[in-house]
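For reference, the chains in residue letters:
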Amino acid sequence: MMNLAMLKPGEKGRIAKIGAIGPLRRRLMDMGVLVGEEITVEKIAPLGDPIEITVKNYNLSLRKKEAEGILLEATR
Amino acid sequence: MMMPNAARTLAAVETASIRVAVAGNPNSGKSTLINSLAGTRLHVGNWPGVTVEKKEATLDHRGRSIALIDLPGTYSLSPYTEEEIIARDFLVHDRPDVIVDVVDATNLERNLYLTVQLLELGIPVVVALNIYDEAEKKGYKIDVRAMEIALGVKVVPTVATRKTGMGDLLEAVTGATAKGSRNVPRSLNYGEDIEAAVQKLTADVARRHPALAEKYPERWLALKLVEGDHHVLAEANLSDADSLAKDAVGHLKEAHGEDLESLMADARYSLAAGLTREVLKRPAVKTTELTEKIDRVVLNRFLGIPIFLAAMWLVFKLTFDMSKPFVDWLDGTINGPFTRWVETLMGFLHGPEWLVSLVTKGVIGGVGFVLVFVPVIFAMMFFITFLEGSGYMARAAFVMDRAMHSMGLHGKSFIPMLLGFGCNVPAIYATRTLENPRDKALTALLIPLMSCGARLPVYVLFTGAFFSAQAGMVLWSLYVMGIVLAVLVGVLFKRTLFRGESPVFIMELPPYRMPSGRSLAIHTWEKGKHFLVKAGTYILSVSVLVWFLLNLPWGVENKKDSFLGKAGSAIAPVFAPLGFGNWEASSSLIAGVIAKEIVVGTMGEIYVKEIEKKPEGPAPTFFEDLREIGTSFAASGKEAFSNVFSTFGIASLKAEEKEGRATLRSVIGKTFTPLSGYAFMVFVLLYMPCVVTAVAFRHEFGTWKWFGVAFVYQTVLAWSAAFVIYQGGKLLGFGG
Amino acid sequence: MGFVDIALIVLIVTGAIYLLYRSIWKKRGYCSGCSSSGKCR
Chain A
18 MMNLAMLKPG EKGRIAKIGA IGPLRRRLMD MGVLVGEEIT VEKIAPLGDP
68 IEITVKNYNL SLRKKEAEGI LLEATR
Chain B
29 MMMPNAARTL AAVETASIRV AVAGNPNSGK STLINSLAGT RLHVGNWPGV
79 TVEKKEATLD HRGRSIALID LPGTYSLSPY TEEEIIARDF LVHDRPDVIV
129 DVVDATNLER NLYLTVQLLE LGIPVVVALN IYDEAEKKGY KIDVRAMEIA
179 LGVKVVPTVA TRKTGMGDLL EAVTGATAKG SRNVPRSLNY GEDIEAAVQK
229 LTADVARRHP ALAEKYPERW LALKLVEGDH HVLAEANLSD ADSLAKDAVG
279 HLKEAHGEDL ESLMADARYS LAAGLTREVL KRPAVKTTEL TEKIDRVVLN
329 RFLGIPIFLA AMWLVFKLTF DMSKPFVDWL DGTINGPFTR WVETLMGFLH
379 GPEWLVSLVT KGVIGGVGFV LVFVPVIFAM MFFITFLEGS GYMARAAFVM
429 DRAMHSMGLH GKSFIPMLLG FGCNVPAIYA TRTLENPRDK ALTALLIPLM
479 SCGARLPVYV LFTGAFFSAQ AGMVLWSLYV MGIVLAVLVG VLFKRTLFRG
529 ESPVFIMELP PYRMPSGRSL AIHTWEKGKH FLVKAGTYIL SVSVLVWFLL
579 NLPWGVENKK DSFLGKAGSA IAPVFAPLGF GNWEASSSLI AGVIAKEIVV
629 GTMGEIYVKE IEKKPEGPAP TFFEDLREIG TSFAASGKEA FSNVFSTFGI
679 ASLKAEEKEG RATLRSVIGK TFTPLSGYAF MVFVLLYMPC VVTAVAFRHE
729 FGTWKWFGVA FVYQTVLAWS AAFVIYQGGK LLGFGG
Chain C
231 MGFVDIALIV LIVTGAIYLL YRSIWKKRGY CSGCSSSGKC R
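Protein chains in written order, with the working numbering: chain A, 18 to 93; chain B, 29 to 764; chain C, 231 to 271.
Here chain A stands alone, though its shape is the one from the complex:
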């Protein structure tokens, strides 16, 4: 299944499921990462990690590992 870490800069996806649990999950949701939202990868940091994304018009940084937990529907 496609996850956020697989996207390249400029690509978008729609969130299908959030694999995290507990505080991380809640934090993600509070920041707008919800099922059904469109998420865009803006940039990947100089050393590959973290990843800058846009969701709900806001910029966030996520670790690659966290991004892997965000599963996407197949959209390009």
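Treat the hints with care, since some could be wrong.
Among chain C residues calculated to face chain B with C-beta under 8 Å, some are [unchecked claim]: (1) L238; (2) L250; (3) S253; (4) I254.
In silico lysine to any residue, SDA-like type, Cα no more than 20 Å apart, as pairs [said to hold, decoys possible]: (5) B:K83 <-> B:K191; (6) A:K73 <-> B:I97; (7) B:K191 <-> B:K309; (8) A:K73 <-> B:K309.
These are calculated hints, taken from the structure and not from any lab test. Since the model is a prediction, treat every value here as computed from it, not as a measurement. Just so it is clear, CB atoms sit at the ideal spot from N, CA and C, and this is done for glycine as well.
Take the given structure of chain A and dock chains B and C to it, following the hints.
Same frame as chain A, now just chains B and C:
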């Protein structure tokens, strides 16, 4: 505010102080708003038991006294981060009269997510629709009236940076508490299913736990139970929470299948989104934001780190160039006219000779030498504040994150480490925000490698003596060395003492903003003030004690034979391989154990004979002195100005000799060489955390253990690094 | 080295040590907003 309503008379209500909690997202301009409202009446403190800042201010509006309490910036009122818990606890238990919700008009949906949660509390809310100017610039059209109707509260457009709308805001606040005000927030509808569950829960709680119904806002409590909020459950001691919730919530779970937290988050966002759709009209064409353009360069894969390093270098260069002339001016003024006045004054009071020496050489020599560097500190704090306020710091964290990640550190660790560049002490306390004890300890261990402001005087002194032409570069090299070593040590620690999982990292990148002159001034002052306070307290006391240690046994001729001198001589051999095996350096390092500024102060006291001024001709009068001070100040200003403009040319640091007077700088030039001077600076950069920091460790961790670890590894590192530099430098022919 | 001198010295040294202790331990070297006496907790 704890009195039950019935006991208040109408008159009392009308004149009672209004307690206002100010809530909002981070980066919504909340701080600027409070500063705009409160101005100099702002009082910055801490929330009890934590190091999160608490800003309070009391002001008068039309005869009513208004007490503002700034809550930590949060995105939500979930029970997971310290900031959120502080905010919600205050709102639920301290029950303010009004909440001012600062909303970023350029990010309506995100900000309304919090607004919606604030409305659940049943407290009157006033929305400050802030950053309104930027929203307008983007072409947004917000129907404020529609928003008021939908939310059931007053919405006031504001531009905190320009102090626009402040009056209206205060009016709305006083209006919200007036009797008969219709500012009761609407209970927003979260959908049939949820509302049904809420109703049932409210009834159940009222029946089975009536005490709770008093303690918490009704609706809010029910919603928390639906969510399964563990913090509330623990706090309220609800042992049969499961059975309570099961009936009401069972339906929900069956119908929606997911965990209820997501459900609630979804419901809230739906409301926020729906509301935004109703009241906000975006322009047809999406303008490429300046922020994005800048970030394309700044966060570029290859340019990111070099740009960060270049930015740091620029900060140092500017700090140095701008402050140096003023440092010289202060030096001349304190050691010249000021000392003379004090001497004259004490002469009038017939003070004993030793006391005069104590005051002039001990206090003025010690503290004075440190105070001379105040311009450097303030300049540096100014630039750091500017970087923070403009939003660049978040980018720096992003760029450096990979390095931090390899140390097993959080992006959140960046903030305490950044604070460390100002002073290590508050930085250690700031590790409180790291929930994971492993993160906390590791971050704290690395903080002392962030070169703090106290070490600046040492650097400036030695750089001025030996490296005046490349001052910015040398300074930069020291700071970078600290950072690089921190990364290496961090990786080492992670492999050995701190094995384990890497923690979570989510950080937001606010849009670039030009910080207002006001906020720059206030924050720079806050940071710089700290330095002054230090000078007036422990630096002062240690300078006094050092004077005694340098002048006892009584009547000792050569300072080398004093208590401190003997101690220094005893230790000096240890430093011989590093190039500075003399008692003066050792004694200064010993005294510097208390606080690193004292290294310079002690040197000032030790070398004082050499730099005593031989008066030529009649001493100037008081007024001549004043005039001299004034003109030299103006000259310094001009010089600072021209320095900044020549920044992109050659660095302009002149090692001046004022009127043939020997300065500490020139004396240093005789007892050290450039190589040993650099080695000395490196040693000061790296060796043990100062006593004040040690105490911070103890206070923050409840044990001396981590300080012990820091002491050992740092001292070993300092000695080794200085050794390599000095011996290596000699081998390479840089002289001894 | 009169009596007054010695008294002054004792006073000053005690004062300095006290100031040191207070500013470093009690007030943790830097603590904004804490009460001026007693522990910060």
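Practice prompt. Against the earlier hints, flag every one the structure doesn't satisfy and list their numbers going up.
Written response: Violated hints: 6, 7; rest satisfied.
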